[in-house]
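Keeping their order, the protein sequence lines are chains E and H. Residue 7 is where the first sequence starts when you use the numbering used here, and the numbers rise one by one after that. Residue 23 is where the second sequence starts when you use the numbering used here, and the numbers rise one by one after that.
What the hints contain is simulated information worked out from the structure, not anything from laboratory work. Honestly, I wouldn't trust all of these hints.
For lysine-lysine, the following DSSO-like pairs were computed, each having C-alpha atoms within a straight-line distance of at most 27 Å [to be verified]: (1) LYS56/H with LYS44/H; (2) LYS50/E with LYS271/H; (3) LYS284/H with LYS15/E; (4) LYS34/E with LYS132/H; (5) LYS167/H with LYS16/E; (6) LYS34/E with LYS63/H; (7) LYS16/E with LYS551/H; (8) LYS92/E with LYS132/H; (9) LYS167/H with LYS99/E; (10) LYS104/E with LYS132/H; (11) LYS167/H with LYS252/H; (12) LYS16/E with LYS284/H; (13) LYS63/H with LYS92/E; (14) LYS99/E with LYS411/H; (15) LYS132/H with LYS99/E; (16) LYS63/H with LYS132/H; (17) LYS252/H with LYS15/E; (18) LYS56/H with LYS92/E; (19) LYS183/H with LYS40/H; (20) LYS51/H with LYS92/E; (21) LYS271/H with LYS16/E; (22) LYS92/E with LYS112/H; (23) LYS479/H with LYS509/H; (24) LYS167/H with LYS15/E; (25) LYS551/H with LYS577/H; (26) LYS271/H with LYS15/E.
For clarity, every value in this text was computed on a predicted model and none was experimentally measured.
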Amino acid sequence: MVTPLDVIKKKRAEAVGRIIGRGYLATKRVYVGMATCEIAAGSKEVMEVFNEAITKDGLTDVYLSQKGCAGRCNLEPTVEVIEQGKNPVRYGKINREKAAQIIERHLKNGEVIEEWIID
Amino acid sequence: MVSENIITICDGTGCIQKGSDKLQAAFEKEIAAKGLGDTAKINLSGCLGMCDKGPVVVVNPGYTIYGNVAEDDVTEIVESHVINGNPIAKLAIQEDHLFNRFFRVFGDAKFFGKQMRIALRNCGIIDPENIDDYLSVRGYEALAKVLTNMSPQDVIDQVKKSGIRGRGGAGFPTGLKWQFTADQNSDEKYVICNADEGDPGAFMDRSAIEGDPHTILEGMALAGYAIGAKHGIIYIRAEYPLAIERLEKAIEAARASNLLGKNILGSDFYFDIEIRLGAGAFVCGEETALIRSIEGKRGMPRPRPPYPSVSGLFEKPTLINNVETWANIPVIILDSGDWFSTVGTEKSKGTKVFALAGKVVNTGLIEVPMGTTLRQIIYDIGGGVPDNKQIKAVQTGGPSGGCLPVEYLDTPVDYESLAEAGSIMGSGGMIVLDETSCMVDIAKFFLEFTQNESCGKCTPCREGTKRMYEILTRITEGKGQLGDIKKLERLGNMIKKASLCGLGQSAPNPVLSTIANFRQEYEEHINDKKCRAGVCVELLIYQVTDKCVGCGACKRVCPVNAISGAKKEQHSIDTDVCVKCGACMDTCKFDAIIRV
Ligand SMILES: Cc1cc2nc3c(=O)[nH]c(=O)nc-3n(C[C@H](O)[C@H](O)[C@H](O)COP(=O)(O)O)c2cc1C
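Chain H with its partners taken away, still in its complex shape (with noise of 0.2 Å):
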C-alpha cells in the first residue's frame, strides 16, 4: 500500500531519550480519532542524524522535517499538515544533510528507514553516468569549499574530528593516516582508492561506484588538497567492467568540467586521477601487494614499517583507503566532521555498509549506524530467516572474520565489540547461517579461499593454510582423527602470529571462531561421524524404514548395487558400498528411505 501520507518518527537512540516513543503512542491514538486509517500510515526510522533537534518527526510528501516535538504538537500536526495539506512553518526546521536526499525516496520503506545512508547517500538515487546529477546534488562543493576557504591542514582536522576510520577491514584512523602522509617531505605523493574488493560475496564497493562514481573522485581529490598530493590512482580489478566504465566516464566528464586536471576550479590546484586494473588475486587488496601490483610487479607484500605513508607508491609518501572510506569524506567536509561524530558510537563513528546475504528474507546492501545490533539488522532490515527456520550464527568480516552465536545477536556493530564478541568488523560481509548450515564446512568454504589466494611468500600462511585445509576435509569426509581440533587450534594461532601480511595474520579466524563457539558441532563430526546440519555428504547414512513395501524400486536406480532384500520384504542398504547419491530416496513412492 502506498498511504498518501507517511509520519515517520525518529527511532534513533537520541530521540528515544527525548521521548520519541512517547510520539508514536500520541500519533496512533489522534489518527485514529481522526478517522484517518488508511490514509496515514506512521513509521519508524533509524536515526536521521539530527539528534540534538530530537525527537525529528517527518511528514511525507513535502519531506517536511518537525524538531523537538513535544506531545502536544502532535495534534496539530496531524489536523493542519496531514489533513489539511499545510506544513507547519513554526515547527519545521531546515536541515540539509547531504544523506538526506536517499531519504526523501526511500525513508518510508521498513527496509530503508532504518538505515542511514551515508557513503551510499547517492546510490539509487542519480543517474551515476550524468555529471550534472551529481553536480545537482551538492556534489564537487566540498572540493570548491576547500579551495576557497580551507587550509590543507584544516581539511585534516575535520577529517580528524569526524573520528572516521578506514572502512577496508584493519579500522585505522583516516585522520591520522591523512597526517602522516601530509606531514611527509616529498615533492611527489600519491592518493590510492582501493576498489580492489576481493571478499567472496562482497559487492559493497562495486555497487558504491556503480551509483555514485564522482563521490569517489571528489573524495580523492580533496585529499590530494589535503597531503600535498597531484595524483591519484584508482584500483580496481577487472571483474568489475561496469564499475570501471562509469568510472572512465566520470573521470573524463571530470576534466572537461576543470573538475580534475590542471587549475581546478579557477584555483592553483592541479589534481588528476588515473585507474589501474588488477588481475583479482586477494592478495592484491592488502596495500603493500597493491601497490607493487601497480608498479607493474608481482603483487605480494612486503613488511610493514615503512608504512605506505612514508614510503609507498615507487617509495613515495601515499595515502590508500577504501572505496567506502573516500565515500564519507565530502560529507565530512560540507556537514563537518563535528556532525559526522555524532553518528555511530565512542569509538566507531559514522555509519557502515553491509552486503546482507545467507538465510535472510531481504538479502541485499544496507548501511546503518555504527552501533546499530546485529538482531536490529537481521531482523528490523533483513526481515528473519526464512521458512521458520532458527538462525543459528552471523558471519561477519568475511575469509578474515569469525562466526557468532545466537547470544551474540545484540552485539553492536563497531570495531571493538566485534572484535570482543570474536570476530571482526571486516569490509563487510554479513551472512546468516541458519540450522541447515555446517559451521564446519563453512570454516572449510573460507579457508579453501584463502589458501587458494595465498600468494606463497611466507611459509606459515603457505604451508600452513594448506595443512588447516586437508584436516578440515578429513573431519568433514569423517575422517576425523582424535586430537584434530587440537591440532586446528595449535596451527591456527601460530599462522597468526608468524604470516607476513593480514591475509595469513586473519585466514585461521573463521575455523578458530567456528571452534570456539561450535566445538560440539566438530566433536560431532569427529567423534559420531554426524553432520546435523546434514551438509557433509560423506557423513550421511541412508537407511530403510519399515515402510518399505518391498517394490524393489530404490534397488533397480542404486547405481552401486548397494541395497539388497527379497520382493515384498524390507530392503536394506549396504551403507559401506552406498555412495549417497540420494537416487533411493528420491524414487521411493512410500516415503520409506530417509537419511540420518
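This is chain E alone, in the form it adopts within the complex (with noise of 0.2 Å):
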C-alpha cells in the first residue's frame, strides 16, 4: 500500500528535481532577501539588477532565489552568495550599484568584496 509519507517523499524527489532542472547545482547561488523590511530598503531594485545579468548580459553558471527575512534589520538589503565547498558569504546593505559590482567582483571575477560582509 502507498502510504502518505511514500508519497511525500515521491513529491519530495520531485521538487528536488526542479529546483535542480532551475540551475541549482551551478557553481554559485545567489540569495535575495525580499521580505517587507528588505524591499523597503531596495531590495526589489537588486533583485533586478541580478535578474537582468542573467537574462539580458548573459550570466551564467548562476541560481538566483529570493528569501524571506533572516534578521538582520540594520543590513538590509541583504544578499548571500554561496559556493559549493566554501563558506557562505553574507552581503549587507547592497544597492543597484553594489549588485552590480558583486557581479563583476565576485560571480564572474570570484573576489570576495570584503567590505560589505555582514560578520
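Starting from two chains that each stand alone, build the complex the way the hints lay out.
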C-alpha cells in the first residue's frame, strides 16, 4: 500500500528535481532578501540587477533565488552568495551599484568583497 | 573576513558542563601551533540542540558535526579536517534536526551563531513563494508522518511532551489546549491562526509568514488532524499585503499538490484553510474579539469562560494559536516532543523569537533558546548599546509588558522569570533603552497606544486608561501634582483587576513597572520639573552662559521675543515666554546657550 509518507517522499524527490532543473547545481547560488523590510530597504532593485545580468547579459552558472528575512534589519537589503565547498558569503546594505559590482567582481571573478560582508 | 575554515564550538549550557570551554583553548593552541592564523576561525555558538552528544564541534565548510569531542581529538580534527580537508568519519555524528539548515548558512556569524532557529528555521534560507523549496527541506513530512502512522491522540501527546506554550503572549500550554478542543464532541470544529500582531513595533509574525508560509499551513493541518477539524482560518491584518499574498500563493500551491483539501496525500483526511483580513485594531488580536471579527461582527471581547476550545467560532469548539506557535509544530512532530523539550528551561521549552530594537547596535529579528539572559541577547547578539552610552532599561512585552532596569539584565528569558522580575514575555517585543530615554515618556507612549486601542466595552479600561494618560501627560508637561504617582498606582491596579479582557488587564503594566523601577524619575518630573534624559520638551530650560558676546543673533531668530540684552553684553532668556524651540541654540556661534 502506498502511504502518505511514500507520497511525500516522491513529491520531495520531484521538487528537488525541479530545483536542480532550474540550475541549483550551478557553481554559485545567489539569494536576495525579499521580505517587506528588505523590499522597503530597496531589495527589489537589487533583485532586478541580478535578474537582468542573467536574462539580458548572459550571466551563466548562477542560481538566483529570493528568500525571506533572516533578521538583520539594520543591514538590509542582504544578499548571500553560496558556493559549494566554501563558506557562505553574506553581504549587507546592497544597492544597485553594489549588486553590479558583486556580479563583476564576485560572480565573474571570484573576488570576495570584504568591506560589505556581514559578520 | 571570510575564513576558509570555521570551527564552531557549541557554547550551550549542556556542552559547557561537558567541558566545551576547555576545547576552545585546545583549538586555539592547535591553530596557533600549526600556524593557521587567518585561514581558520574559531566561533562559539549557542545551543545546537545536541546536548546528549556534547561537547559538539562543527567544522565548516562541509558542516561536519563532531560529537563527544575530547581534548585529545583536537589535534586530529585540525590536522585531518582543517588542514587536509578530510572529515573524520569515526568522530562525526549524523544529526538531521530541521533547524540545523539555518545554521549551515548563517551559523558562523556572531549575530546568528548565538541563536537557535526552530520557528524561523527556513526564514532567509528558502524561497517562500516556491513550494518546491519547502518540500525540499522536509516540508509536509510531519503531516505525512501523522497520516501514515500516528493517531490523533499520538499527535496531541507529542505536543504535550514538547512542553511548548503559546507564543502569542499568555503562554498557555499548547498541548492542553489541543486536548481540550479534541475532547469536545462536535461535528464542526475550527483551527485558527492568530496573525493579527498588533503590538507597536512588532514584526515577528510577519517575518515568519513572509519567510516560510507553508510551515504555518502544515502546523494547522496537523492540528486539524489531531482535534478533528476540517476548517482552518488565518486571521491576518490587511496591513500585511506581502504576507497575505504569500499565504494565498502557499494555500493555492498546497491545494494543487494535494496537501490541503480532500484526501490529503492519499489518506481520507480533509482539511482546508481560508484567510480572513482584519482591519488592524489591537483588540482584535484578543481571541474572543478575533472570533467575533471573523464572524462579521464588531471585534469586541467577551468574558471567558466559555473558552474558545469549548465555544468559539460560530459557537463551535475552536483551537486558536499564534503564528510562532504554529511554526514550531512540524518540528515537534518530526524531531519529537522529547527532543523539543531538551531545549529551553524547566518550565519554558523551546525557543522564543524577539524583535530586538531601540538603542542596540544590531537591531533585528532573533530567536534564542528559552533561558538565554537579557544580557546575552543585548550584548552577544545585539552588540551592545551604540555610541558608548549607558544602558538604562529593557522593555519587553510591548504595551502589555514592563521595563526592567539594568539590575535585571541577568534575568533569563522564560515566562516565569520575566514575570517575577516585573515584566512579561509577551509576544516578543524587546526594546533597549539608554540614558537618553525618559521612562515617563516611554510609559506614556505605550499608554497612549492602549488607550487609543481600548474598544470601549468595559468602563475600567475605557475611562481608566484615559485618566491615566491625562495624568502622565501633565507630568511630562511639568504640571505634575503631588500625589500623582499614588493616583497612577491606584488607578492602574484597579484597571488591571476590573477590566474585561487582556487589553485592560495589562495596559497599566508599562506605567506600574516604570514607577516601581524608576520612581525617582517620576519624582524629578513632578517635584523638580526636570527630565534627566532631556526628552520632555516642556521641562527643558534654555539659558545663556557667560560665553555670550552679545552679538544678538539669538535675539533675531527667537520667534517669541523671549531674549533680551544690550549689544556686546550677556543676553538672557525669559523662560516664561520661551517656547523651547531651540532656534537660539542652533544659531549661536559661541555655544553660549545651554539646555538644562
Ligand atoms: C489585547 C490583546 C491583543 C492580543 N493580540 C494578539 C496577537 O496579535 N497575536 C496573538 O497571537 N495573540 C494575541 N493575543 C493573545 C490571544 O488572545 C491568544 O491568547 C493567543 O492567540 C493564543 O495563541 P497561543 O496560545 O499560541 O499564544 C492578544 C491578547 C490580547 C488581550
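We went through each hint and held it up to the structure:
1. LYS56/H with LYS44/H: Distance ~19 Å between LYS56/H and LYS44/H Cα, so the pair holds.
2. LYS50/E with LYS271/H: Satisfied, since the Cα-Cα distance of roughly 19 Å is no more than 27 Å.
3. LYS284/H with LYS15/E: holds (19 Å)
4. LYS34/E with LYS132/H: holds (24 Å)
5. LYS167/H with LYS16/E: The hint holds at about 14 Å.
6. LYS34/E with LYS63/H: holds (23 Å)
7. LYS16/E with LYS551/H: Roughly 72 Å between the alpha carbons, so the hint for LYS16/E and LYS551/H is violated.
8. LYS92/E with LYS132/H: holds (18 Å)
9. LYS167/H with LYS99/E: violated (41 Å)
10. LYS104/E with LYS132/H: Holds. LYS104/E to LYS132/H sits at ~24 Å (cutoff 27 Å).
11. LYS167/H with LYS252/H: With Cα atoms ~18 Å apart, LYS167/H and LYS252/H stay inside 27 Å; holds.
12. LYS16/E with LYS284/H: holds (19 Å)
13. LYS63/H with LYS92/E: This hinted pair holds, its Cα atoms lying about 14 Å apart.
14. LYS99/E with LYS411/H: holds (25 Å)
15. LYS132/H with LYS99/E: holds (18 Å)
16. LYS63/H with LYS132/H: Judged against 27 Å, a Cα distance of about 12 Å means the pair holds.
17. LYS252/H with LYS15/E: holds (24 Å)
18. LYS56/H with LYS92/E: holds (21 Å)
19. LYS183/H with LYS40/H: Distance of about 26 Å is within 27 Å: holds.
20. LYS51/H with LYS92/E: holds (24 Å)
21. LYS271/H with LYS16/E: holds (22 Å)
22. LYS92/E with LYS112/H: Within the cut-off at roughly 23 Å; holds.
23. LYS479/H with LYS509/H: holds (23 Å)
24. LYS167/H with LYS15/E: Since the Cα atoms of LYS167/H and LYS15/E sit roughly 11 Å apart, the hinted pair holds (cutoff 27 Å).
25. LYS551/H with LYS577/H: Answer holds: LYS551/H to LYS577/H is near 26 Å, not above 27 Å.
26. LYS271/H with LYS15/E: Answer holds: LYS271/H to LYS15/E is near 22 Å, not above 27 Å.
Violated hints, in rising order: 7, 9; the structure is consistent with all others.
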